[in-house]
Amino acid sequence: MVNINDEYRRCKVWQNFASIPRCSHCQMWGHSSYICRNTTPVCAICGAYHPTSRHSMHCVQPQCASDHSCSCNIEYCCNCGKDHQAGSSDCKLFKKRFDKEAMRTLIREQTQYKTIRKNAASRRKAPQTN
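One point on numbering: in the working numbering, the residue at position 37 of the sequence shown is 37, and numbering is uninterrupted.
Be careful, since some hints might not be right.
[Unchecked claim] Listed below are the simulated BS3-like cross-link pairs for lysine-lysine, each with C-alpha atoms no more than 25 Å apart in a straight line:
no., residue 1, residue 2
1, Lys12, Lys92
2, Lys96, Lys12
3, Lys92, Lys82
4, Lys100, Lys82
5, Lys12, Lys95
6, Lys96, Lys82
7, Lys95, Lys82
8, Lys12, Lys100
Source of the hints: derived by calculation from the structure; they are not laboratory data.
Based on the sequences and whatever the hints tell you, model everything.
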C-alpha cells in the first residue's frame, strides 16, 4: 500500500527488465523465433505440429463444426502438458517468466523430459536386426 495525496493505493512492483521470451514457432520458453532450431512449427492452441495461424484450418473432421469435443478444440500446453494454451497465464512457466533462475530450472526440466520422450520414441521405432 502506498500513500498518494492522503489516499492509500495498492500498487504492483515495477519489473524493470524484460521477461524471458517464448518462441512463436515452437512455443518453448527461453529463445525467440529468430534463433529457433525446431524445423516443425507447433500450434500454441492445441500443441499439434502446424502453425498457430492455421489452427482453424487444421481440423478436417466433418463433425467438428457441430461437436466441440473434437481434438482440434482441446487446448494443450506443449510446455507443461496441462489443458491450456502455451501462452496462457495459467501456465507455471508463464507465471515465472520474470524469474530467470526459476525459468532456467523449469526449461532444463522441460528439455530433459522432451529428450527422454524423443529417445524412447526412437527406440520403439528402431527395427531389430539379427
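Taking the hints in turn, this is what the structure says about them:
1. About 20 Å separates the Cα atoms of Lys12 and Lys92, which keeps this hinted pair within 25 Å; it holds.
2. Annotation: proposed proximity of Lys96 to Lys12 holds, straight-line Cα distance about 16 Å (limit 25 Å).
3. Under the criterion of a C-alpha separation no larger than 25 Å, the hint pairing Lys92 with Lys82 is consistent with the structure, at around 10 Å.
4. Among the hinted pairs, Lys100 with Lys82 is consistent with the structure: their alpha-carbon atoms are about 22 Å apart, no more than 25 Å.
5. At roughly 15 Å between alpha-carbon atoms, Lys12 and Lys95 fall within 25 Å of each other, so this suggested pair holds.
6. As the CA atoms of Lys96 and Lys82 are separated by approximately 16 Å, the hinted pair is consistent with the 25 Å bound.
7. As the CA atoms of Lys95 and Lys82 are separated by approximately 14 Å, the hinted pair is consistent with the 25 Å bound.
8. For the hint linking Lys12 to Lys100, the alpha-carbon distance of about 19 Å falls within 25 Å, and the restraint holds.
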